[in-house]
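Chain residues, written in single-letter form:
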Amino acid sequence: MRRRRPPQSLEDYGFERTNQFHHFGAIVESPAAIYLGDWRVIVQCLLIFGQQQQAQLWIYEVVGIENDRATRTKYSYHLTYDGSFVFRYDRDQQHPDMVEHKHLPPDERRVPWDAVTLQEVVDEVVAFTAEREAEAVERHDGEE
Amino acid sequence: MHGAEGIETDVVVAHVETDDELLRVLAVFEERWLDNEGAERLTSEEFYGRYTAGEFDGPFGVAWATFYEAYLHMRGRIERIVPPAAFAAC
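Sequence lines, in order, name chains A and B.
Under my numbering, the first residue of the first sequence is numbered 1, with each subsequent residue one higher.
Under my numbering, the first residue of the second sequence is numbered 145, with each subsequent residue one higher.
Hints in this document: simulated from the structure, not taken from any laboratory.
The C-beta atom is built at its ideal place from N, Cα and C for all residues, glycine as well.
Label-pair distances were calculated between CB atoms; the ranges are:
id, chain 1, residue 1, chain 2, residue 2, range
1, B, A183, A, S30, 26 to 32 angstroms
2, A, S9, B, A183, 41 to 47 angstroms
3, A, E138, B, T187, 51 to 57 angstroms
4, B, T187, A, W113, 28 to 34 angstroms
Footprint (simulated), chain B over chain A, 3 or more residues, beta carbon under 8 angstroms:
id, segment
5, 24 to 32
6, 36 to 43
7, 53 to 66
8, 74 to 86
9, 91 to 99
Could you put together the complete structure from these sequences and hints?
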């Protein structure tokens, strides 16, 4: 029989997450874990992707222990590219009508969206950045 | 600790343990809001009432709400362990 994984503490989450930031192939800036007593931990960081460092993903997670597991009670994954807003995934259990949603251009309009993992968001950012860089190369080649 | 591109990225670890510390953080949010919006001063309590109604749906609002909820949580815990006034004369 497999042993059940012991309950994950806020300290475990803060330590593991801030280490995980370094495994996404991005530049890692300002990683932080802010413990609000023993109630929540805020984990935040800026990940920078792209050859010209043009994709910036701001990560903000609020984590508590629910049912013996570390749970993201809030998150905000906010992507800009060349300084322009691309998307933001939000989760907030206090949101009155849409706990999980995604903001999109124009005007950061809000649309319903299922919960996302950080890995899924990073995969989307990497694919988006690769696509935009390929388009830039095509444009550059076409101009020559 | 170093990032993937070799940029030094020390992880900042901070602990906010008391309601006084939270109040100081909340005051910073209130000032930042006033600095950015100018026309309207909001207390954290006023902000949170509007936040839970669906306003301030952005990173700044989420961060402000997180600290206000922590303050409510910490204050609630303190109120639970303070004896009711009725027991004061016992």
